[in-house]
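Chemist: One letter stands for each residue in the lines below.
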Amino acid sequence: MLTLLVNQQSHQVDADPDMPLLWVLRDLLGLIGTKYGCGVAQCGACTVHLNGEAIRSCVTKLGRAVGGQVTTIEGLSPNNDHPLQLAWIELSVPQCGYCQSGQLMAAAVLLRENPHPTDQDIDKAMSGNLCRCGTYPRIRQAIHRAARLQQEGGGV
Amino acid sequence: MKIIIGLSLILLSGVLAAPPPGPPAPHPTKDSIASVKAFMSVYEVLMSPRCMNCHPAGDAPLQGDDSHPHTMEVRRGPDGRGLYAEKCSNCHQPENTAGLHTPPGNPKWRLPPADTPMIFQGRTPAQLARQLLDPKLNGGRTKEQLYEHMAKDDLVGWGWHPGEGRTPPPLSRPAFAAQVKIWLDNGAFAPKEFTKKSTN
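Protein chains in written order, with this note's numbering: chain A, 1271 to 1426; chain B, 36 to 235.
Worth double-checking, as some hints may not be accurate.
[Said to hold, decoys possible] Pairs of lysine to any residue, SDA-like flavour, derived with a Cα cap of 20 angstroms:
hint, chain 1, residue 1, chain 2, residue 2
1, A, K1394, B, R145
2, B, K143, A, K1394
3, B, K171, B, E183
4, B, K143, A, L1320
5, A, K1331, B, P129
6, A, K1394, B, G93
7, A, K1331, B, N131
8, B, K171, B, P113
9, B, K143, A, E1323
10, A, K1331, B, G134
11, A, K1394, B, E108
What the hints contain is simulated information worked out from the structure, not anything from laboratory work.
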């Protein structure tokens, strides 16, 4: 039995330490906001935070996450009021929505480390998160909006 | 006459076989030809994709046996560990991920830092040898530390265990380390600018 801290809650997990973290989150803990995309760290749909970094949970083994702090889209903010979430809703960013939790988790790290990103900063930082619907222009717009909200103290 | 010649040869051979007088030389003999020859073997390894891909000329790491720029606009970042949501260890695990086209891994996976990028890509043998020996350009390493890095460092050693679909360097790690040692022990000579690359 392994102890895993997810969204500030401790879970006892009966799983092999080599099991992908994504499997644990979705299949054992029921946190299905994080998606399976490619399974080989190429698309970003499975992005969650491990100790604040936007890791690919499809290739990260459970054993690496034990002892750390995992944050999924369900735990990004207490009331779905992270500036990015507010901006995402305001600008209706998602189309099919499948990649969007990964997009948000990646964007959250960008905004934390670069509170005023340029278009180029955003385009480069988000290049690892693919969107088959092509919502990139709205993603970029929403990150700018979230940066302003963050500056104004809106959201978390 | 024959006796005189015979005696002379015996005496002469005795003189040649005698150990040199005085204390041993403080340093082994420097052999610039052996040094440069060994470096050319070292150069072949350093310019192989497994080494060069993490010593790029630009701000992006390289990938694959064709050394194309890393997909996803991955960049070096100030400490060589990537930027924002694209830090190296976000995808690269402490070990190779199984399967083709999956992220290779090592606990220390990173590029050289931005202030000392240690570029291999595009360097001639002469340029690379001089760069490797310059502490201002090699991460502050002495020759001994340079040898340690090349012969024993775990991240460098990943090159010989690169996982599926990646060709290892042209020499084995022990053979590479031996050539580094020959290069350094013989004076760490840099090749002339016109030294041709080995075709082996």
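Chemist: State for each hint whether it applies.
Modeler: We went through each hint and held it up to the structure:
1. K1394/A <-> R145/B: Since the Cα atoms of K1394/A and R145/B sit roughly 18 angstroms apart, the hinted pair holds (cutoff 20 angstroms).
2. K143/B <-> K1394/A: Violated, at about 24 angstroms.
3. K171/B <-> E183/B: At roughly 18 angstroms apart (the allowed maximum being 20 angstroms), E183/B and K171/B satisfy the hint.
4. K143/B <-> L1320/A: This hinted pair holds, its Cα atoms lying about 17 angstroms apart.
5. K1331/A <-> P129/B: 10 angstroms, holds
6. K1394/A <-> G93/B: Distance ~15 angstroms between K1394/A and G93/B Cα, so the pair holds.
7. K1331/A <-> N131/B: 12 angstroms, holds
8. K171/B <-> P113/B: Satisfied, since the Cα-Cα distance of roughly 17 angstroms is no more than 20 angstroms.
9. K143/B <-> E1323/A: 16 angstroms, holds
10. K1331/A <-> G134/B: 15 angstroms, holds
11. K1394/A <-> E108/B: Cα-Cα ~6 angstroms, so holds.
Going down the numbered hints, you'll see the structure goes against just number 2.
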